[in-house]
Structure formats: structure tokens, C-alpha cells
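Trainee: Okay, here's what each chain looks like letter by letter:
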Amino acid sequence: MGIKYLYSLLYAVDDMLELYDGSLDVPSILERWYKEEEKSNYGAYIPFIGTIRDEDDIDGLSFDVYEPILESWYNAWVQKAKEKGAIIKMAHSRGDVMLHESSYIAAVFSPKRRVALEFIDEFVEDFKASAPIWKYDLKDGKRIYAKDRSTAIKGSGLLS
Amino acid sequence: MVRIEFLGPIQKEPLELEITNLKELATILQETQEMREWLENSAVAVNDNLVSSLDTELKDGDKVSLLPPVCGG
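One line per chain: the protein sequences are A and B, in this order. Mapping the first sequence onto our numbering, position 90 (from 1) lands on 90, and the numbers just tick up by one. Mapping the second sequence onto our numbering, position 9 (from 1) lands on 169, and the numbers just tick up by one.
It should be emphasised that the hints constitute simulated quantities derived from the structure, not laboratory data. All figures in this text were calculated on a predicted structure; none of them were measured in a lab. Misleading hints may appear alongside valid ones.
Below, a list of computed lysine to aspartate or glutamate pairs in the EDC-like style, where the Cα atoms sit at most 16 Å apart [what the hints assert, rightly or not]:
1. B:K172 to A:D64
2. A:K147 to B:D208
3. A:K147 to B:E197
4. A:K84 to A:D140
5. B:K223 to A:D56
6. A:K84 to A:D21
7. A:K154 to B:E200
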């Protein structure tokens, strides 16, 4: 259980970023998020769950997370959601996650479905392009940077 | 001193440098063959804020981070 998760329980901040060592417990996270908001009068709850697929002979994936910039990126999206009367929640793994386990859950709650459907798309796409997280394939006992599947953050190359 | 940190897959120990702006850092890092490819595709943050100008000034105690291509999820 991550420190931030503990804080979120202590202070009941329901849109706080959650980081976990290893895979995510999908049913318990989705259920807890549901219970946190079931009386909040949101008409739509749209989660996105990322699962590690069996491909290219990998045993799993592994993640490095740079928390300070991930937090500021995430907080900017919390504000964007607020402007639309919506809230977001997000959980991500650090370290190793094996095949058919989950490393990423994002969710949007909004009064009406259209905002949540559009917001989850924008939020997840920007996450893939901007969030400071690095992915590695676990293969033959090695941890190999997934360079070909990675995206340079906007503005990269400043020092070249 | 300014501390330079290399994040994620860049396998390089942090540096402590006497520099006053990012232009000086670029000059120093470009001298290293192993860093050239990373410089082309890495973003730069000063004290955990992404920056877009080489004229960004640096002072004693600042932290510069290099962020290579990302892939969360």
C-alpha cells in the first residue's frame, strides 16, 4: 500500500494519485472508487483498466516512476476535470507487473456520460504521451527499456 | 552547485556542476558520446518544472532532470 493511498484514507482526498509497488488489485480499487462516489450524484463512472498482454515472449513489464513531475501533471488534469464538473482518479504500478495483471487504472466521474467519455480519452492519451513513467520488458531475466513504444515528451531535444 | 539527474533508462550517475544556465549544461553533456542520443529525445526540468528555453538560468542548489521518452500504462 503506497503512502499516498494512506494519506487519501486519512484525509479523504478522493482524487489523489495512487502508486503501488507491483500489480494493482483491480476489483478492490474499482469498488473503493465506486463507494467513494456512489452518493456524489455523478451519473457516469468510466474506468480504463490497462492489462499486461502476453506478446513478444515477455514475462511481464516493469515501471520507473518520477513522482514529483507525475504529481504536477496529474494535478493539472484534476483542475481540468473540475472545470467540467468531473473528477478523475488514477492508480499506477511501480516495479514489476506480470502477464495478465494490471499496472494502470484511470477513471472519470461526471454528472453526464458525454463529458466522462470524452475526458477519459483525452486523459489517457495525454498520460501515454506526457506522464514521466518508463516501461521495461521483462524477458529472459533481463529488464529492457521499451524504447520503440515510448514517446518523447513535448519540447524534448532542448539540450541537443 | 547544480545537481543534474538522469531519469528512467538513462544509466548515468547524477552530476554536480558549477553552471549558471542550461546552455552551459548542453555544451558539457554534448561532449559525452553516450549522452548524445539521449539529449535528442529527452525533455528537461528545472526543480521539477519542464522548461523550454536554453536561457533558463540556474543557481546554487537547483536540480536539473533529464526525462527520456515515456511510456506509462
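Trainee: A separate judgement is required for each hint: does it hold in the structure or not?
Mentor: Hint check results:
1. B:K172 to A:D64: holds (15 Å)
2. A:K147 to B:D208: violated (23 Å)
3. A:K147 to B:E197: holds (12 Å)
4. A:K84 to A:D140: Not OK: A:K84 and A:D140 at ~46 Å, beyond 16 Å, violated.
5. B:K223 to A:D56: violated (38 Å)
6. A:K84 to A:D21: This hinted pair is violated, its Cα atoms lying about 32 Å apart.
7. A:K154 to B:E200: holds (12 Å)
Hints 2, 4, 5, 6, counting from the list given before, are not met by this structure.
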